[in-house]
Structure formats: structure tokens, C-alpha cells
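Colleague: Chain order of the listed sequences is A and B.
Take the first sequence: its letter number 25 is residue 1439 in my numbering, and every next letter is one higher.
Take the second sequence: its letter number 117 is residue 419 in my numbering, and every next letter is one higher.
Fair warning: there could be bad hints in the mix.
[Claimed, not checked] Okay, derived cross-link-like pairs now, DSS-like style, lysine-lysine, Cα gap no bigger than 27 Å in a straight line:
1) B/K423 / A/K1524
2) B/K461 / A/K1632
3) B/K559 / A/K1738
4) B/K363 / A/K1701
5) A/K1736 / B/K423
6) A/K1738 / B/K549
7) A/K1701 / B/K561
8) A/K1524 / A/K1495
9) A/K1701 / B/K326
10) A/K1736 / B/K559
11) A/K1425 / B/K511
12) A/K1612 / B/K461
13) A/K1701 / B/K559
14) B/K568 / A/K1524
15) B/K326 / B/K363
16) B/K367 / A/K1708
17) A/K1738 / B/K485
18) B/K461 / A/K1738
19) B/K568 / A/K1612
20) A/K1708 / B/K485
21) B/K485 / A/K1701
22) B/K326 / A/K1612
23) B/K559 / A/K1638
24) B/K363 / A/K1736
25) A/K1638 / B/K543
26) A/K1638 / B/K561
27) B/K549 / A/K1736
Hints in this document: simulated from the structure, not taken from any laboratory.
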Amino acid sequence: PHALVFLEHNKGQLDSGSLSALTAASQLGGRVSGLIVGAPEELPTVLEQAKKVTGLDTVLHSASPQYTTLLPEIVTPLFVKLLSTQSPFTHVVSAHSSSAKSILPRVAAKLDLPAVSDITSVQHDSSSNSTTFTRPIYAGNAISTVRASDSIPIKFFTVRSTAFSAAAVGDAEAKTESIDAVHVSNPSTEHVSTSLTKSDRPDLGVASRVVSGGRALKNAETFKATLFPLADALGAAVGASRAAVDAGYADNSLQVGQTGKIVAPELYMAIGISGAIQHLAGMKDSKLIVAVNKDPDAPIFQVADVGLVADLYEAVPEMVEKLK
Amino acid sequence: MRPSAVRLLNILVPVKRAVDFAVKIRVNPEQTGIDLNVKHSMNPFDEIAVEEAVRLRERLKDAVKSIKVVTIGPPKAVETLRTALAMGADSAIHVEIPEGTPSPEPLAVAKTLRELVMRQKEGVDLIIMGKQAIDDDAGQTGQMLAGLMDWAQATFASKVDVDPSTKAANVTREIDGGLEQLKCQLPMVITTDLRLNEPRYASLPNIMKAKKKPIEKFTPADLGVDLTPRLRTLKVTEPPKRVGGGKVANVDELLVKLKEAGITPKRA
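My request is simple: use the sequences and hints to build the entire structure.
Modeller: Quick look at the structure:
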């Protein structure tokens, strides 16, 4: 097999999700190439980093001002060119990120190929040229094992990053190869703006500790005033339940759950979260789950390793005080 | 041809009948799938899509000429179409597959939708659909359809503004870590995220009216599409059970547990 891994980057840094995707691609047992796409001025830094990533054979890179923000309509022709006639690639792999989720299925459809989303394990059998994946379905309440046989010449899959450790950036020296950009004239979509939520805390997707709040936090002010000191005492990222996000207590980028972020940190603290199945889907692979809720029957306690039935407005400040 | 000042929009909303979001999922003993003998409803993201189409008409009035919903599913999927019609869609298409047939894969769904789009005499300007179905959680169909049609796409939409006179849409999307705004030329595919809107409940008079709205029926063969899965599902299993239920009496005990797990406060 020869996998092509879509390596995403942000501010000159490779995304950790892409490095996990690379680990999954390595498990296919063959060659692994990376693909980096971006604006001409940002590529050199990322490329230097990508060359050093363990497990990468070759780094393909394509630069164009049109690739400053990756729009699926604009980047799809590049993928299609790389994967069309006489393509050496047998697999196309990416993180299950919002960008890759938007691009990969579009590319796959162009090539009349199916795709497998959000896989948690992968195994390739070279003799039959078939790849078997496991992936959660029904919000993780069931695990499906699916096989892509050799009737599918290029197997597309996105990778759940919490299921694979990130490939190390070490002292490897991968080959690099420049690929001509495919210019798209009169694109149907134009990027207007991006607004990223700024935070000094660790990024939710990769943090080793997460403190999450639910509807019981009452409003945006108490959400901040209550949870942020605890997160800071632990060096944790802040997360939220869908209820808290919908009610406007927290930014939507902080949502943990089936349709938000999937996290699996060392420590997940659920504060005032009842534990709807959609929320559990996003955090139940965490190593240690701690729950504080005043309702002893809250479903969150069924998955919590450490449950405390208490008023969070008393328990959380006490924790913060004693952690100092 | 009579020139018109405002191009009239024809909207198509694909919907899926799925196991209701509140149902506790049980894997069947044969490990071939889950127990489907449970309550089903419209996929929640598709409900948001129907709602958005209806709201577009409420805002743009006559500029929205038609809202058509479509489903691919067993005979019972007609209930899902009736729900969408009661919410405000005008007409529906049911691509019927026999009860018990495996749910078609995203690419097959996208191809079926492409075929239906091409059969619409007045064309389709806008397809609004859920970003994922909560059963297979694949999240691919919208992007695949946009690719097949060579249309613009805006996934994970949390705000949609359509200007019928310029045939353009401004869409705010939820991306990792924040929001992104796009300007897209119609025709296009929009996939809906949770915060786009809150779907209405259909009123009783509208439910009654929906019973009289037309539903056109096709079989996959009528459309010349093959819905046979290309991936093989080998088995469906229960996820590893998490043994929780541990309780502590107070904050001190909680902190002891943290310490035992090697979790210490961060030194500033």
C-alpha cells in the first residue's frame, strides 16, 4: 500500500490531528506520503517540520495564493489530479477535522469512490488488497467493522485522532516534491473571513486535561467565573455540553459531544453536566472521568470514575482553593 | 422568455428517517446491526434543514418558488416526508427501497439525488441538508453531491443569507476553533449544523394539510441508480463498557482520587 496523508497546518504548525492520521496510515504497513497545501509564504516553515516527521517517506507540497484558505471547490482539482490516472496511491487519509471532512468526500465522489469516516482502527491485508476499519456509529453506541475490498482502488478514510497517538516530529529527513497548483478560475465560493476563538488555555482537541461545564452553570458569567479558575489550577482546556453552548454560556467551538469535539484526555471533569448520550459520545474514552452534579441520578455518574454529588457552586471553589 | 426581476428559487431538502435520537441503542444478538424495532424520526440535522428552507421562504416570500423534500427509504419513510410537508415543504419525492434493505451509502445517496436534481424541470438552485445522519454518522453526502454536481458547498452552516437577485448566499460555518464566512454562488449545497435554527413543531392544521400534498414515488431502478453498498459491514458490536459509578463523599476525597491518578495542580 501507499497512503497519501493530507497534512493540515495552522500558523506554520502541523495539526496534531494530521499527525494522528499519519500514525493510522503507517499501520497500513506500506509507504506513506504526505500532502501539504497552502499559501506560498506559509509553506516553507511547515515543510521543514513535515520533513522531520517519523514515518513519512515523501512530502508532496503545492503552493498557491488560492490555497491561503482551503476551500473544497478550489483544492479538489489538485487532489483529483494527484489521484487520477497512474496514481501510485492506494489510500487517502486525513484527520476527521472540519476542513478535511469538507474536502475528502468531495474528492472521493469525483473519483466515484466511497469514503469511510472517523475510523478508530485500521488493518490492511496486502494479499487481498482489502482494508478493514472499525468506526463508531450511533454516537458511539455501536462499533461497526467495515471492509473496503480491492474493488475500491483508492480507499479514503478520516481518522479519529483520539484513537491514534500523534506521529513524532523527530530527526527524519523525508524527500520533498513540489506539485503544481491547479488554478481554478472563477471559483463558485469565496472566503470572506475566519474568526477563531482566542484562548490562552490548551486547545480542547489535544489537551490532556479538560474541565467541562453544563447547563447548571446558569449563564456565561458564572460559566467563566466558576470553571476558568478550576481549569487554570489544573492547566486544563475548557469544554462545554451542547446545552451550555446552545444557551450561550460558552462558545460553540468548546462543545464536546457527538457533533462537537471528541476528546479523550487523561482527566475529564464534567461540572453540572447531566450526561446525555450525545455528550457521552464525545468524552467517554477519557482516562479518568470526574463528575460533579447535584442530581445523584444524573447519567454522567454511570460513566464517572469519581462522582461527587454536590452543589457545584460550593464544590468547585473549594476544589480551586485546595488545589492552590 | 419573460424576463423577471427576481430569479425564483427552487429548494430541495433531502431528509432521512433514522432511529430517534433519544432511543437507547441495542446491538442485535447476530451482531449484524442494531435493533431497529424502535421509535424512528427525521434525522435532527435534516429537520434543521427543512426549517431553514421554510424560514428562507418566510424571509424571501415569493422569491422561493418551491420547497421539495426527498427521502430514500423503506415504505415507512413516507412518515418522515409527511413531517417535512407539515413543517412547510410543498411537495415530496420518495425513492422507495424494500423494508430491511441496508441503508444506502453516502455516494449512492448523492448519485440518486443528482439524478433527481437533473429531472427537475425548473432546476434546483439550493440543496439544504443535514451535515450528518445520527445513525451512521458518516457526514459525507452533501459534500459528495456538491462534488458530483460541481456546485459550491458550505458545510456545517450556522447562518444562511440568500440573495435571490444576485443568486448568491452568505454562509457562516462552524469550523474547528471558531467560525468561517463564505460567499457562494448558487446553485449550491448547504449542510446544516445544530445552531442554524430551532425546528418548529408542525401545527395540527398543517399536519392535516400535509396529508394532501403530493408525494412522487420512484424506485432506484426508475432512476437508474444502484444502491448496493460497496463497503462490506462485517459486524456491529457493543462498544467497550465503561465501568463508572464510583462516588466520593466530599471534595477532599475527590482530590485524593485525583492525586492517586497522578493528577497534580499546575504550577504557575
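Colleague: Determine for every hint whether it applies to the structure shown.
Modeller: Okay, the hints, checked on the actual structure:
1. B/K423 / A/K1524: Since the Cα atoms of B/K423 and A/K1524 sit roughly 25 Å apart, the hinted pair holds (cutoff 27 Å).
2. B/K461 / A/K1632: 25 Å, holds
3. B/K559 / A/K1738: Given pair B/K559, A/K1738 holds - Cα atoms ~16 Å apart, limit 27 Å.
4. B/K363 / A/K1701: 53 Å, violated
5. A/K1736 / B/K423: 70 Å, violated
6. A/K1738 / B/K549: 23 Å, holds
7. A/K1701 / B/K561: Between A/K1701 and B/K561 the Cα gap is close to 14 Å, so the pair holds against 27 Å.
8. A/K1524 / A/K1495: 11 Å, holds
9. A/K1701 / B/K326: Given that 27 Å is the threshold and the Cα spacing comes to 24 Å, the pair holds.
10. A/K1736 / B/K559: 14 Å, holds
11. A/K1425 / B/K511: Given pair A/K1425, B/K511 is violated - Cα atoms ~54 Å apart, limit 27 Å.
12. A/K1612 / B/K461: 21 Å, holds
13. A/K1701 / B/K559: 13 Å, holds
14. B/K568 / A/K1524: Measuring from Cα to Cα gives roughly 49 Å; hence the hint is violated.
15. B/K326 / B/K363: 41 Å, violated
16. B/K367 / A/K1708: 52 Å, violated
17. A/K1738 / B/K485: 49 Å, violated
18. B/K461 / A/K1738: Cα-Cα ~43 Å, so violated.
19. B/K568 / A/K1612: The given pair, whose Cα atoms are some 21 Å apart, holds under the 27 Å limit.
20. A/K1708 / B/K485: Distance ~46 Å between A/K1708 and B/K485 Cα, so the pair is violated.
21. B/K485 / A/K1701: Violated, at roughly 42 Å.
22. B/K326 / A/K1612: 37 Å, violated
23. B/K559 / A/K1638: 25 Å, holds
24. B/K363 / A/K1736: Violated. B/K363 to A/K1736 sits at ~60 Å, over the 27 Å cutoff.
25. A/K1638 / B/K543: Answer violated: A/K1638 to B/K543 is near 33 Å, above 27 Å.
26. A/K1638 / B/K561: 25 Å, holds
27. B/K549 / A/K1736: 19 Å, holds
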